Amino acid sequence: MSRRPNAQHAANPPYRLPPPMFDARCQACWITAGVLVLVIASFWSLDLRWAEFVSLDALRSMGRFVGEFFPPDLSPEFVAKVARGTWETLAMSGLGTLLAAVAGLALALPASRHHAGSPAWLRAATRLVLNGMRSIPELVWAGLLVIAAGLGPFAGTLALAAHTTGVLGRLFAEAIENAPPGPGAALRAQGVGSGRVFLYATLPQVVPQLMSYSLYRWENNIRAAAVLGVVGAGGLGQLLVFHMGLFQMGKTATVLAAMLLLVALVDALSYASRRVLTR
Amino acid sequence: MAAVAPHRLTPPERDPAWLRRVGWMLACAVLLWPLLVATEFQPWLLVQPDNLKVTRQFLASFLPPAHSAEFLAMVARETWRTVAIATAGMTLALVLAVPLTLLSTRVLSISALAGRMAALPFAARQAVRWLLIVLRSVPELVWALVFVRVVGLGPTAGVLAIALTYGGMLGKVYGEILESGEAHVTQTLLRNGASRLQAFFYGLLPGNAAELTSYTVYRWECAIRSSVVLGFVGAGGLGQQLDNSMKMFNGGEVLTMLLVFLALVAFADAVSARLREALA
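Line by line, the protein sequences are chains X and G. Number 279 marks the last residue of the first sequence (the working numbering); no jumps. Number 280 marks the last residue of the second sequence (the working numbering); no jumps.
Because the hints were derived from the structure by calculation, they are not lab data. Watch out, some of these pointers could steer you wrong.
[What the hints assert, rightly or not] A partial selection of chain G residues facing chain X, derived with a Cβ cut-off under 7 Å:
| # | residue |
| --- | --- |
| 1 | Glu-40 |
| 2 | Phe-58 |
| 3 | Ala-88 |
| 4 | Ser-137 |
| 5 | Gly-181 |
Just so you know, these numbers come straight off a predicted model, no measurement behind them. We treat Cβ as the ideally placed atom computed from N, Cα and C, and that holds for glycine.
Looking at chain G on its own, in the form it has when it is part of the complex:
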């Protein structure tokens, strides 16, 4: 009979899973290698003398931030344009999204009351859904690039890009909100002979109005952020000026505009949070 090893009472000195942890980390490092190659990951480039000199010059030019009166006036004007592009884009997005939502909501189907939805309405609703998916999955920056080509530089391209992308997003989420709620009231109205629009206004809308509005306000906040980004492809507003200043290595102007942008985002955030609180 083999001697039984004495039972060890003292806890192990080292982490018992140590070897396995190190093994996994090495395996991850090997998997990481192709990513490093593909992204030309060369951090030492950052500290190369030439690059470092450019970076240092650019960073040094950040201070003092640009604060001449005419520059500040221009920044204020462009900030308003940014908000205006977002608001106008959201308005058009609503104009696009509301009818599409009404067309695609399953709760408003009369044939579905009897069990299965009829083939034609089903196909129509599915088609609208696919349209919303397509609108939403093209990034707004790509829409903006395309519209800048067609209508030229300026806010029109930004407004249209936001309208299309956000129209798709709003339409999809409105549909989800309307379908996730209680359908009983709406169905009762429809069964008793109300038209679909009446069922929407008296059954579906009052039950979901707060949630719909709160999502819309949240999206408006997102639209402000994305209208700054759209400026980088020439759709006007703060982003376009920021891009120009960056290209001219004018750090002071960049810093001022970044600060204004951060303040704008924080302001929109606060407004939207307060509005949503008031709705809840």
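Looking at chain X on its own, in the form it has when it is part of the complex:
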């Protein structure tokens, strides 16, 4: 503590100015100004055709477009086709999540430091791979994998699996690193190999967490699988694009309704199960 010598003689402590507010304020005003510039530049640089969109003509064509959705095609054979598409969507999401859980666990092993003394050589490299897989959206993966696996639900399943592997691998690695170290250390002290330490000490402790992460991603993947078909990767999305492309608006409306119903059902189920589990 450095104190000016004459301050000690003063009857009252020296009058101090409050800390300059300009700094604190200016960070906020720079950020606000930056956001404003970004917003204005965005609207200015995009050739948004508002005139076309809000004009009477456009509204009329919008109305006509919505009107064409009615009546939806509810003939039994088409409903059966949509039901098959819905099942395909569910199967894609389920299998994709399962594959991702397996692959994620396999990649989480090198991506985590199992005990304090472990060198974890591959940790950084594996995490980089996982981050890359996670940053590419499902739809982009689907577009790439359609080339390798052909059109259809198989490409969609692989796309979901690829993206979700990145997400789950990262979460699994965090879970493994955060597991209580006691049981593992006890086994290791007895000379048990690292594979069996993982299987009998670490894994049983983290399995509930891994399950809850996987279920959460499954829920997300059902929603994602519904639209993956847009690039030809199967499920309801493929039906949607197909019939929309042929201007069969009645059929499009049925597919859309099925999609919304599926999403709403998943939301409601997840909400209800969360309520039951956290009560």
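Got chain X; can you put chain G on it based on the hints?
Leaving out everything else, chain G in the frame of chain X:
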């Protein structure tokens, strides 16, 4: 009297739960079968000679990544458009979400101060909530497909799709944030005759501003990612160019754009993390 079996002191050689584990795994495999059928899961297709040839050609064309000056200029332009679509969409989403949040927040109800909310305001708030749920549960890709039909190819469809979906999400989460906080100040203001808007600005907003802003910034980051995806149905930006290059099997261009996309996502991630840190 039957002989008592000698107590075994040595630990079992094998995992005692071995049989049960194998049984569960077999049961799961049986349950898995219909999924494999429905998804046409045929991994051997991947290594079929014809498919393998196409894949190999496509992968081989990845290197070297496209790097001609005009291509890079185009990528830079499209990257900016992607950010611009996300930002414009978020702005419109805010314009949509803020009034809907004000309409639907229960804390700002005057009749609820006396116990139960009156019937009409309750119905109105519930109706707004349902509207938000509907807006949010239609995937943005579907909105984009519909708007591409109505307004044609280009960024307008992307901006509108983001505005509607994110408007619903923001409205719902803003409502949850405002209702989860401390309601005491707001209620005191309302009891003392402040208008609802005054109670919002002087009671509710200062207490929750940091959390609201941080969520908005996080959503902006998500909007950038989804504006790339929207490009795949013709809503402009990086995604549309990526889709074109993929359809033409131009691996070099695909690689460059993927790398730019990864950099963009990492950049948005860093900006949003720093902003949220500054707010916390």
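>> Interface hint check: Phe-58/G, Cβ to nearest Cβ on chain X, cutoff 7 Å. Holds or violated?
In response: Hint holds; Phe-58/G Cβ to chain X Cβ min 5 Å, cut 7 Å.
> Going by Cβ atoms only, is Gly-181/G closer than 7 Å to chain X?
Replying inline: 20 Å, violated
> Hint check: is the beta carbon of Glu-40/G less than 7 Å from a beta carbon of chain X?
Replying inline: 5 Å, holds
> Minimum Cβ distance from Ala-88/G to chain X below 7 Å?
Replying inline: At 4 Å from the nearest chain X Cβ, Ala-88/G passes the 7 Å test, so the hint holds.
>> Less than 7 Å between beta-carbons is the criterion; does Ser-137/G satisfy it with respect to chain X?
In response: At 5 Å from the nearest chain X Cβ, Ser-137/G passes the 7 Å test, so the hint holds.
Comparing the model with each numbered hint stated earlier shows that hint 5 is the single one that does not hold.
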